[in-house]
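J.: Residue-level listing of the chains:
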Amino acid sequence: QKEVEQDPGPLSVPEGAIVSLNCTYSNSAFQYFMWYRQYSRKGPELLMYTYSSGNKEDGRFTAQVDKSSKYISLFIRDSQPSDSATYLCAMIYNQGGKLIFGQGTELSVKP
Amino acid sequence: DTGVSQNPRHKITKRGQNVTFRCDPISEHNRLYWYRQTLGQGPEFLTYFQNEAQLEKSRLLSDRFSAERPKGSFSTLEIQRTEQGDSAMYLCASSLKAEAFFGQGTRLTVV
Numbered sequence: 001q002k003e004v005e006q007d008p009g010p011l012s013v014p015e016g017a018i019v020s021l022n023c024t025y026s027n028s029a030f031q032y033f034m035w036y037r038q039y040s041r042k043g044p045e046l047l048m049y050t051y052s053s054g055n056k057e058d059g060r061f062t063a064q065v066d067k068s069s070k071y072i073s074l075f076i077r078d079s080q081p082s083d084s085a086t087y088l089c090a091m092i093y094n095q096g097g098k099l100i101f102g103q104g105t106e107l108s109v110k111p
Numbered sequence: 001d002t003g004v005s006q007n008p009r010h011k012i013t014k015r016g017q018n019v020t021f022r023c024d025p026i027s028e029h030n031r032l033y034w035y036r037q038t039l040g041q042g043p044e045f046l047t048y049f050q051n052e053a054q055l056e057k058s059r060l061l062s063d064r065f066s067a068e069r070p071k072g073s074f075s076t077l078e079i080q081r082t083e084q085g086d087s088a089m090y091l092c093a094s095s096l097k098a099e100a101f102f103g104q105g106t107r108l109t110v111v
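So the sequence lines, in the order shown, correspond to chains A and B.
With the first letter of the first sequence counted as 1, position 7 gets the number 7 in this note's numbering; the numbers rise by one all the way through.
With the first letter of the second sequence counted as 1, position 51 gets the number 51 in this note's numbering; the numbers rise by one all the way through.
There's no promise every hint is true.
What the hints assert, rightly or not - With a Cα cut of at most 25 Å, we get these calculated DSS-like pairs of lysine-lysine:
1. K71/B - K57/B
2. K57/B - K2/A
3. K56/A - K67/A
4. K56/A - K71/B
To be verified - Derived Cβ-Cβ restraints for the label pairs, each shown as a range:
5. T38/B - R77/A: 40 to 46 Å
6. T38/B - S26/A: 34 to 40 Å
7. L96/B - S52/A: 16 to 22 Å
8. P8/A - T13/B: 36 to 42 Å
9. V111/B - P8/A: 23 to 29 Å
10. T13/B - S69/A: 41 to 47 Å
What the hints assert, rightly or not - Reference listing, derived: stretches of chain A covered by chain B, where coverage requires no fewer than 3 residues with Cβ under 8 Å from a Cβ of chain B:
11. 17-28
12. 36-49
13. 101-109
Hints in this document: simulated from the structure, not taken from any laboratory.
Quick caveat: nothing in here was measured; it's all calculated off a predicted structure.
Here a beta-carbon is modelled for each residue, glycine too, at the ideal position from N, C-alpha and C.
The task is simple: from the sequences and hints, build the whole structure.
T.: Structure representation (structure tokens):
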């Protein structure tokens, strides 16, 4: 079993839809949770970062962490074609530790 | 540009040849990470440095792979006697706290 599980998709939605992306993990010791966006043939770009449980909002993006369920989510409101990319969840045990990634979910937003 | 810089962006090499990649991290970041990513997968951890000390190496990092960060600034990743299975995107990231920032990667093709 992988430490971090993420549905690879692909996920296709119409422009303007609310997108929900999710990951589950097995080790309760993870403390920091990140979401990265990766366009084709580019490096991952950090979108959101959350420490421990709770919600964090940044513009159209909301990250949620539920440590009791070992479940994290990224919501994208009013999705745009430019949001089409692969979304990677990642987590670390402590500051400076190595990132453990999910497989990534490929998202396509159709105009 | 003050982001993470990787060179070269692309490398095509013949099987059995040695290759070396370079990563220049964000200047004030003391931690530097190397990851490998294959198509449809999330990045996999290879190794990381805190300043010039190499603190952890993955079991994925066979004895053909070596990484250095001689003065705690830039880092190099060398692959000796390349194999076709080494074809992948090699990503470098740097961090000061919890958030890690990635470069654009070096895409290696072994023919």
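J.: Are K57/B and K2/A close enough, with their CA atoms no more than 25 Å apart?
T.: The hint holds at about 19 Å.
J.: Quickly compare the C-alpha distance for K56/A and K71/B to 25 Å and report which way the hint goes.
T.: Roughly 37 Å separates the two Cα atoms, so the pair is violated.
J.: Given as covered by chain B, does the stretch 36-49 of chain A meet the bar of three residues or more with CB within less than 8 Å?
T.: holds (count 8)
J.: Given a hint of 40 to 46 Å, does the C-beta separation of T38/B and R77/A actually sit inside it?
T.: At 32 Å between Cβs, range violated.
J.: Taking the Cβ atom of P8/A and the Cβ atom of T13/B, is their distance within the range 36 to 42 Å?
T.: At 29 Å between Cβs, range violated.
J.: Go check the stretch 17-28 of chain A versus chain B for me, would you? Three or more residues, Cβ under 8 Å, otherwise it fails.
T.: violated (count 0)
J.: Just to be sure I understand the hint, the distance between the Cβ atoms of V111/B and P8/A should be within 23 to 29 Å; is that true here?
T.: holds (28 Å)
J.: For the hint 41 to 47 Å, verify it against the beta carbon of T13/B and that of S69/A.
T.: holds (46 Å)
J.: Given the range 34 to 40 Å, decide if the beta-carbon distance of T38/B to S26/A lies inside it.
T.: Taking Cβ atoms as reference, T38/B and S26/A lie about 22 Å apart, which means the hint is violated.
J.: Within 25 Å, alpha carbon to alpha carbon, are K71/B and K57/B?
T.: Holds - the C-alpha atoms of K57/B and K71/B are around 19 Å apart, at most 25 Å.
J.: Is K56/A close enough to K67/A, meaning Cα to Cα at most 25 Å?
T.: Judged against 25 Å, a Cα distance of about 14 Å means the pair holds.
J.: For the hint 16 to 22 Å, verify it against the beta carbon of L96/B and that of S52/A.
T.: About 20 Å separates the Cβ atoms of L96/B and S52/A, which means 16 to 22 Å holds.
Checked against the numbered hints given earlier, this structure breaks hints 4, 5, 6, 8 and 11; the rest are met.
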